[in-house]
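Q: Listed here are the chains, written in short residue letters.
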Amino acid sequence: MEYNLDFHCQMILDEYRENMAIFEKMKEIVREQLEKCVSDNNIYVTAIETRIKTENSLAGKLELKGHKYKFLSDITDILGTRIITFYTEEVDKISALIDKIFEVDWENSVDKRKALDLDRFGYMSLHYICRIPKSLYYDAEHSELNDYRFEIQMRTALQHVWATMYHDTGYKSGIEVPKEHLRNMNRLAGVLELADEQFSRIRKEINDYRRNVESLVADGNFDDVNLDSDTFRSYLTMKPFKKLIDKIATINQAEIYEDNLMRYITTLLKMGFRTLGDLQRLIKECSDDAYKLALHQLSATDLDILALSVALQNLCIVYIIKKGGGEVGLRMFYDSVFGESDYNIEHARRTFEQITKINIK
Amino acid sequence: MEVNIENTGNKTFVVLNGRLDTTTADKFMQDITPLMQGDNPDIEMDCTGLEYTSSQGLRMFLMLQKSVTARKGNLVLKNMKPQVKEVFDITGFSNIIKIV
Numbered sequence: 000m001e002y003n004l005d006f007h008c009q010m011i012l013d014e015y016r017e018n019m020a021i022f023e024k025m026k027e028i029v030r031e032q033l034e035k036c037v038s039d040n041n042i043y044v045t046a047i048e049t050r051i052k053t054e055n056s057l058a059g060k061l062e063l064k065g066h067k068y069k070f071l072s073d074i075t076d077i078l079g080t081r082i083i084t085f086y087t088e089e090v091d092k093i094s095a096l097i098d099k100i101f102e103v104d105w106e107n108s109v110d111k112r113k114a115l116d117l118d119r120f121g122y123m124s125l126h127y128i129c130r131i132p133k134s135l136y137y138d139a140e141h142s143e144l145n146d147y148r149f150e151i152q153m154r155t156a157l158q159h160v161w162a163t164m165y166h167d168t169g170y171k172s173g174i175e176v177p178k179e180h181l182r183n184m185n186r187l188a189g190v191l192e193l194a195d196e197q198f199s200r201i202r203k204e205i206n207d208y209r210r211n212v213e214s215l216v217a218d219g220n221f222d223d224v225n226l227d228s229d230t231f232r233s234y235l236t237m238k239p240f241k242k243l244i245d246k247i248a249t250i251n252q253a254e255i256y257e258d259n260l261m262r263y264i265t266t267l268l269k270m271g272f273r274t275l276g277d278l279q280r281l282i283k284e285c286s287d288d289a290y291k292l293a294l295h296q297l298s299a300t301d302l303d304i305l306a307l308s309v310a311l312q313n314l315c316i317v318y319i320i321k322k323g324g325g326e327v328g329l330r331m332f333y334d335s336v337f338g339e340s341d342y343n344i345e346h347a348r349r350t351f352e353q354i355t356k357i358n359i360k
Numbered sequence: 000m001e002v003n004i005e006n007t008g009n010k011t012f013v014v015l016n017g018r019l020d021t022t023t024a025d026k027f028m029q030d031i032t033p034l035m036q037g038d039n040p041d042i043e044m045d046c047t048g049l050e051y052t053s054s055q056g057l058r059m060f061l062m063l064q065k066s067v068t069a070r071k072g073n074l075v076l077k078n079m080k081p082q083v084k085e086v087f088d089i090t091g092f093s094n095i096i097k098i099v
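So the protein lines, in turn, are chains A and B.
The first sequence begins at 0 in numbering that gives the first Met the number 0 and counts up one residue at a time.
The second sequence begins at 0 in numbering that gives the first Met the number 0 and counts up one residue at a time.
Bear in mind the hints are in silico, worked out from the structure with no lab data behind them.
Every value quoted in this text rests on a predicted model; they were computed, and no experiment measured them.
Virtual Cβ for every residue (Gly too), placed ideally from N, Cα, C.
One or more of the hints may lead you astray.
Stated by the list, open to error - Ranges between beta-carbon positions, derived for each pair:
no., chain 1, residue 1, chain 2, residue 2, range
1, B, 47, A, 294, 29 to 35 Å
2, B, 77, A, 202, 40 to 46 Å
3, B, 62, A, 262, 17 to 23 Å
4, A, 259, B, 51, 26 to 32 Å
5, B, 71, A, 88, 31 to 37 Å
6, B, 43, A, 294, 30 to 36 Å
7, A, 91, B, 43, 32 to 38 Å
Unchecked claim - In silico DSS-like pairs for lysine-lysine, Cα to Cα no more than 30 Å straight-line:
no., chain 1, residue 1, chain 2, residue 2
8, B, 84, A, 246
9, A, 35, B, 71
10, B, 65, A, 241
11, A, 52, A, 69
12, A, 242, B, 65
13, B, 84, A, 291
14, A, 291, B, 71
15, A, 241, B, 26
16, A, 238, B, 65
17, A, 242, B, 84
18, B, 80, A, 238
19, A, 269, B, 84
20, A, 321, B, 97
So here's chain A without its partners, still in its complex pose (with noise of 0.2 Å):
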């Protein structure tokens, strides 16, 4: 394809064609670089874009402003790449983290967040113009690939939302958009703005409500605790229901199957549980029945393995049992932990005779 460039610029292009493979390996590179380091970091992005500037974007800013620059090296977003992260401070995260991978090219590198004038709005990103280091990789033959700079645009999900609406305005047309409509481009930048903030703080505090509890679990301080999934996934992390489910495991010297215990969580709540600490108080309370009905249901067989959460499905029918829920609390208990199913009704009675044969304290 032709276009209306001079000599200068029409050279600058022939070395974007001819050196198409090397942008092509960079991309590969940067692309992998960047992926590992937000695996590696546990940082949660929602993408890595990674793009070679076409040829017809290339002209046109060549055909542009074509003078700015004297070689294809001078132009840095040849290659570009877009790290959109969920947070604010993830933004910051990565932008050390890259820092420490590729070499930053400070004197073009721009803080678009910090460049506005406290006048203006506006929700930019942070742009890293940056090189390969020989240390990452080098091709004697290819040189040119730790010469070339690349841009790194790093920005949270808002921002670029921000950034690709305004850039839908045409704002780069070149023909001028109403100064109100600019002005309500950048309200709505104030907003995202303040919608980051509001999801960092957020985070934070949700954090710090964990960090909390687990600190309170830690301490055994389980009436200040109340029940929810976070705090009973902390709870389980002490193994509550070991001894119980040890105990019950000798009857038969079974193998025990650890299963996962969050599936009764709604079903502890619907039966009034509030705090760890009634938690607590069930185990301490209900155990040696619980015990009392296993052996019951076990003794007769020689079935030697069994799923944790026999521990937890015994007390909760001990506890409904002791108050006074009978049959129909059982039926309701099962409805709950497994669907209501017509299994459940002769469950209910099975183990409702059952458990009458015991003598319960």
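Using the hints provided, position chain B relative to the given structure of chain A.
A: Then chain B, alone, in the frame of chain A:
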């Protein structure tokens, strides 16, 4: 112990008949091995004819469940006799495997 397997579309239907105990466990394992390797991890087992399962049988159901879960599929046991269901209930296996 008889195991009949039928693949239809996205699901595998299995019909079990007989007793699953120490004497039949090896054959059962042999029969269900293809279910742990196939690319069709949604399995529905009709247990109408299953008379009994021992611990060995439970271990095999557990292996199958793990294999199906790893392939993001589902294992469902249907029409279980009360005496078989009781084995699943008192060992806690009703919490691990879906029984409808």
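Q: All the hints need checking, so say for each whether the structure fits it.
A: Structure-based check of all given hints:
{"no.": "1", "hint": "B:47 to A:294: 29 to 35 Å", "in the structure": "31 Å, holds"}
{"no.": "2", "hint": "B:77 to A:202: 40 to 46 Å", "in the structure": "44 Å, holds"}
{"no.": "3", "hint": "B:62 to A:262: 17 to 23 Å", "in the structure": "21 Å, holds"}
{"no.": "4", "hint": "A:259 to B:51: 26 to 32 Å", "in the structure": "27 Å, holds"}
{"no.": "5", "hint": "B:71 to A:88: 31 to 37 Å", "in the structure": "33 Å, holds"}
{"no.": "6", "hint": "B:43 to A:294: 30 to 36 Å", "in the structure": "35 Å, holds"}
{"no.": "7", "hint": "A:91 to B:43: 32 to 38 Å", "in the structure": "51 Å, violated"}
{"no.": "8", "hint": "B:84 to A:246", "in the structure": "23 Å, holds"}
{"no.": "9", "hint": "A:35 to B:71", "in the structure": "26 Å, holds"}
{"no.": "10", "hint": "B:65 to A:241", "in the structure": "23 Å, holds"}
{"no.": "11", "hint": "A:52 to A:69", "in the structure": "18 Å, holds"}
{"no.": "12", "hint": "A:242 to B:65", "in the structure": "26 Å, holds"}
{"no.": "13", "hint": "B:84 to A:291", "in the structure": "21 Å, holds"}
{"no.": "14", "hint": "A:291 to B:71", "in the structure": "38 Å, violated"}
{"no.": "15", "hint": "A:241 to B:26", "in the structure": "35 Å, violated"}
{"no.": "16", "hint": "A:238 to B:65", "in the structure": "22 Å, holds"}
{"no.": "17", "hint": "A:242 to B:84", "in the structure": "26 Å, holds"}
{"no.": "18", "hint": "B:80 to A:238", "in the structure": "34 Å, violated"}
{"no.": "19", "hint": "A:269 to B:84", "in the structure": "25 Å, holds"}
{"no.": "20", "hint": "A:321 to B:97", "in the structure": "29 Å, holds"}
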